[in-house]
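Asks: As given, the protein sequences belong to chains X and R, one line each in that order. Position in the first sequence (from 1) plus 353 gives the number in our numbering. Position in the second sequence (from 1) plus 874 gives the number in our numbering.
Among the hints, erroneous ones may be present.
As the list claims (entries may be wrong) - Cβ pair distances, simulated, as ranges: (1) Trp-405(X) with Val-1094(R): 20 to 30 Å; (2) Lys-885(R) with Gly-493(X): 51 to 61 Å; (3) Gly-907(R) with Ala-404(X): 34 to 44 Å; (4) Phe-605(X) with Asp-973(R): 55 to 65 Å; (5) Ile-562(X) with Glu-963(R): 16 to 26 Å; (6) Thr-974(R) with Thr-565(X): 48 to 58 Å; (7) Trp-410(X) with Glu-1110(R): 46 to 56 Å; (8) Gly-907(R) with Ala-503(X): 36 to 46 Å; (9) Ala-551(X) with Gly-907(R): 31 to 41 Å; (10) Phe-566(X) with Pro-1061(R): 22 to 32 Å; (11) Gly-907(R) with Trp-410(X): 29 to 39 Å.
To be verified - If you want the ones that stay clear, here's a sample from chain R, every Cβ over 10 Å from chain X, calculated: (12) Ala-891; (13) Met-909; (14) Pro-1021; (15) Ser-1188; (16) His-1236; (17) Gly-1237.
These are computed hints drawn from the structure, not numbers from a lab. No experiment lies behind these values; they were computed from the predicted model shown. Where is the CB? At the ideal position from N, CA and C, for every residue including glycine.
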Amino acid sequence: MSDQGFMSARLRRGDMTPGEKLWQMSWSLVFWICCIFAFGLAMLYSAANGAWHPWAWPQLARFALGLVMLVAVAVIDVRLLLRYAYVFYGIVFVLLMIVEVKGFVGGGAQRWVDLGFMNLQPSELMKPAVVLALARYFHGVNMEEIGNPAGLIIPLAMVFIPVGLIIIQPDLGTALLVIAGSGIMFFMAGVRLWKFAAVIATGLAASPIAWTFLHDYQQNRILTLLDPERDPLGSGYHILQSKIALGSGGLFGKGFMAGTQSHLNFLPERQTDFIGTMLLEEFGMMGGLVLLSLYIILLIYGYAIAFRCRHQFGRLVAIGITTGFFLYFWINMAMVMGLVPVVGVTLPFISYGGTSLLTLMLCVGLLMNIHVHRDVHMGVRGGFNDF
Amino acid sequence: MSITRDSDWSKMFTRRAAVLGGAQAMLIARLVGRMYYLQVVQSDRYKMLSDDNRINIQLLPPPRGRILDRFGQPLALNKQQFRVLVVPEQALRVGDTLDTLAKLVDLGEHERDRIKKEVGRKRGFVPITIKENLTWDEMARIQVNAPDLPGIVIDEGLTRFYPHGENAAHLLGYVSSVDEADLKGDPLLQLPGFRIGKDGVEKVYDLALRGKGGTSQVEVNAYGRSIRELERQEGEAGADVVLTIDERIQSFTGQRLGEESASVAVMDVHTGDLLALVSNPSFDANAFSRGLTTEEWKALSTSDHKPLINKVLSGQYSPGSTFKTVVTLAALEHGVISPEQTVTCNGHYNLGSYVKHCHKVHGSVAMVRAISLSCDVYFYEVARRLGVDKIAAMARKFGLGQVSGIGLPNEKPGLIPTEAWKKATRGERWSPGDNLNVGIGQGDVLATPIQLATLAARIGNGGVAVKPRLVRPTVQGNAPVDEDPSAMFESLNIPLPHLEILRQGMFDVVNGPPGTTTAMAAKLRFTDPEKKAWTISGKTGTAAVRGLTAADREAQKRDPESVPWHLRDNALFISFAPSHAPRYAIAVVVDHALGGGGAFAAPIARDVMEEVLRLDPSRKPRTEEQVASAEPVSASPPPANAGARTPQ
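Model the full structure from these sequences, guided by the hints.
Replies: What follows is the structure, encoded as structure tokens:
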């Protein structure tokens, strides 16, 4: 009891040793992440027709790196996260600008920076950066300030300036993900609904103008969604082939490595965006339900962590990250099933891709950090008593 | 203050989190619903689409059945042929490859244009035929130079081959590519390059010979490239058809006829087995399966010897004096004249104001002598007494005026006129003069060589209604099938004494004394020492063709060569042998010969008959040494569709 009291106080003050922090970590969450990843690894193995190369092995190495990063991020003092949230945001923003300028100078659409050992996509990192920045912002303001429309200008700018950069990359999927994820953080921070209506109305009014800024292929994707028969051999072809593949998988699937459509190249990008199709083809609806259940478990952990957290920053970070997971997998799965247009969104922990996986592991690390530091008493600017 | 703020926050947070969670739950439910719809409700549809996507069904053509003679000697078989293909994506530059190839095999400018066009139209991995029917030399040259010929593939296939070339072309028919009109039912017919029987046995037994196509289910990827074979269902090779023909006799007869325009049918008098069915001149059926050139086709189709027509079945001839056999039997049946009763031949016969001539003045002739001398006056008198209908009834008993039923295409029925027939077709009454013409097998009477052979066979076998047949019903290897000929056919109920009289007459025709062939009698004897005592019985016929004027007739008597070929008389001879125990019957018709049946048709019949009796195919199997020397038979499996065989 006294131990617990002692522990509790130390938890509140956040002065835990790294060992205590490891003890506090939710290893069961790590287990579930590993489960999802194992599922994905199997699919990558299958996508290469039963080979560790070229996808499964590099992905496994990155996952190992990601696990280390997860733990490392989880034990950082949450107050440091709060304190340096804007700095992190700023660094990612600069990286994004560099890619932008490089792309502009090079004349091609390059989305990544070469770090030597991997290609980093700043737009991916922008997602946790925005989450941290928004959480930092809303942690420091009170209800009255949130009620003041002028107080929303800064966070809106924090969202829409990078979104603009991402759109012109062009990476419509990531841009929409950032907007949707941020919107939910605004909502959870207590922003009034009519303000959302105002923003959406403004967005809709601006959309004809925005439409003209979209690339032809982006316009095509949206038009194809509205009328899939419009272009059966172009973008519609991918959706149709995806539907044929997973539809033919039936209830129980064609069996591991026995997916015919995916293996015969009827599917584009079977190791990244359309890996879900392959999963559904090979494991059928049952496999799909297992995957969905794993994701739901992840969502439940996220919500539980958000509710259990005693500080606003932590709650918002947890909600932001959980929402990010949700948006990722929902949009990807809806895409392969032809519910939403083909946008380049990956299936979390399953799709092949270094930045995507490491960003996700970083996000899990942040979530875990919030869980470890759930009771830390935190002031407006991250101090103990700076209310 | 902080407490109030915290509780406000958490109330709002909880409320909004519930909304958010609810919305997410609904969206996830939407995913599950969609999954259920696609993977359970619509699953069958997508499975079908998926198979359509990836499975390409290719037909495997079965090897065509062979056509064998009665001893299993192939008359039509499949020969391996080689063709050269190019796979454009493997050739670095198709133009260069073709240049190199043109140095090795003959490649026309026209062909090169066609290849280039096809290369442009088809996907890179689809092989394109450059040349078919490569000679062995050409193939060897290509193989040797293979390293310089990237993308060049040699492919083997089967092509129809008739080892005996022209000797049985009419009988066997030929195979040729499928016409639009035939394109129904069997999917095999859709295969490019597939050949079906177009005439003769190839046509009649096409379905049996064709076999059943196999299928190969090939998995293809999104680009249509074959990945692997999923399932292979071997087809059924076409069945062999075994004919009653003896290739040796067929070939011998064809060679014996040489340049003549003539038809010969050789038949077993008991079983009806056709041992040879020759129509001369012939054509090379191999050329048909290869594809004829325009010149070849012109030469064949415009020749007045009509090489494309199977005259044994489709040639309708006035039987001439050979028909006197039928008249004789009718006379005996109806008793219009006794065998001993004589008729006086003055060289002409008067019926009212109507005068008919005999080819000689025979004086007083009785029946046997009338047959052996072929006295027209005697048969004018008999025919007058009988009337046409009684003669017609007897003629039909012996198979005249109706198709033989061997089943080959384009067989003609011939014509045996009756009073009713003339009324119906010409609206005229039958005149007594018409009877006279029928009596000597002229006028409207028409018969085909195979009918004449049947007639001879039915006389020879003692009045049994034997029917010619071309296909052996059952055969175990080379062994002759045990059959009881007496049970196979019904009797015609001709009293034996009547037949004896006729056969005596027919014996005398050949062997005298004194027959029309007196001069020929020695020539018609068998030379084979074993068969010296054996004899042929037969009946000659010399039939005027329609359109021959009296003036022409006179001219022909003086100098046959002065008459245009197509107006000269046809020479006929029907016979059976050996006379003492008839086994084989032969009918020979020589078109527009320079003389009568005795001089022009009978020697052919004798030579063929001697060969038939020597070989005796109805009783003796083909000897081992002969079988061994026969060509080996190709039974290799068919080539798979070229696309499936192309190395990936």
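Asks: Each hint needs a verdict: does it hold in this structure or not?
Replies: Taking the hints in turn, this is what the structure says about them:
no. : hint                                    : in the structure
1   : Trp-405(X) with Val-1094(R): 20 to 30 Å : holds, 27 Å
2   : Lys-885(R) with Gly-493(X): 51 to 61 Å  : violated, 20 Å
3   : Gly-907(R) with Ala-404(X): 34 to 44 Å  : holds, 35 Å
4   : Phe-605(X) with Asp-973(R): 55 to 65 Å  : holds, 57 Å
5   : Ile-562(X) with Glu-963(R): 16 to 26 Å  : violated, 48 Å
6   : Thr-974(R) with Thr-565(X): 48 to 58 Å  : holds, 56 Å
7   : Trp-410(X) with Glu-1110(R): 46 to 56 Å : holds, 50 Å
8   : Gly-907(R) with Ala-503(X): 36 to 46 Å  : holds, 43 Å
9   : Ala-551(X) with Gly-907(R): 31 to 41 Å  : holds, 33 Å
10  : Phe-566(X) with Pro-1061(R): 22 to 32 Å : violated, 55 Å
11  : Gly-907(R) with Trp-410(X): 29 to 39 Å  : holds, 37 Å
12  : Ala-891                                 : violated, 7 Å
13  : Met-909                                 : violated, 5 Å
14  : Pro-1021                                : holds, 32 Å
15  : Ser-1188                                : holds, 57 Å
16  : His-1236                                : holds, 92 Å
17  : Gly-1237                                : holds, 97 Å
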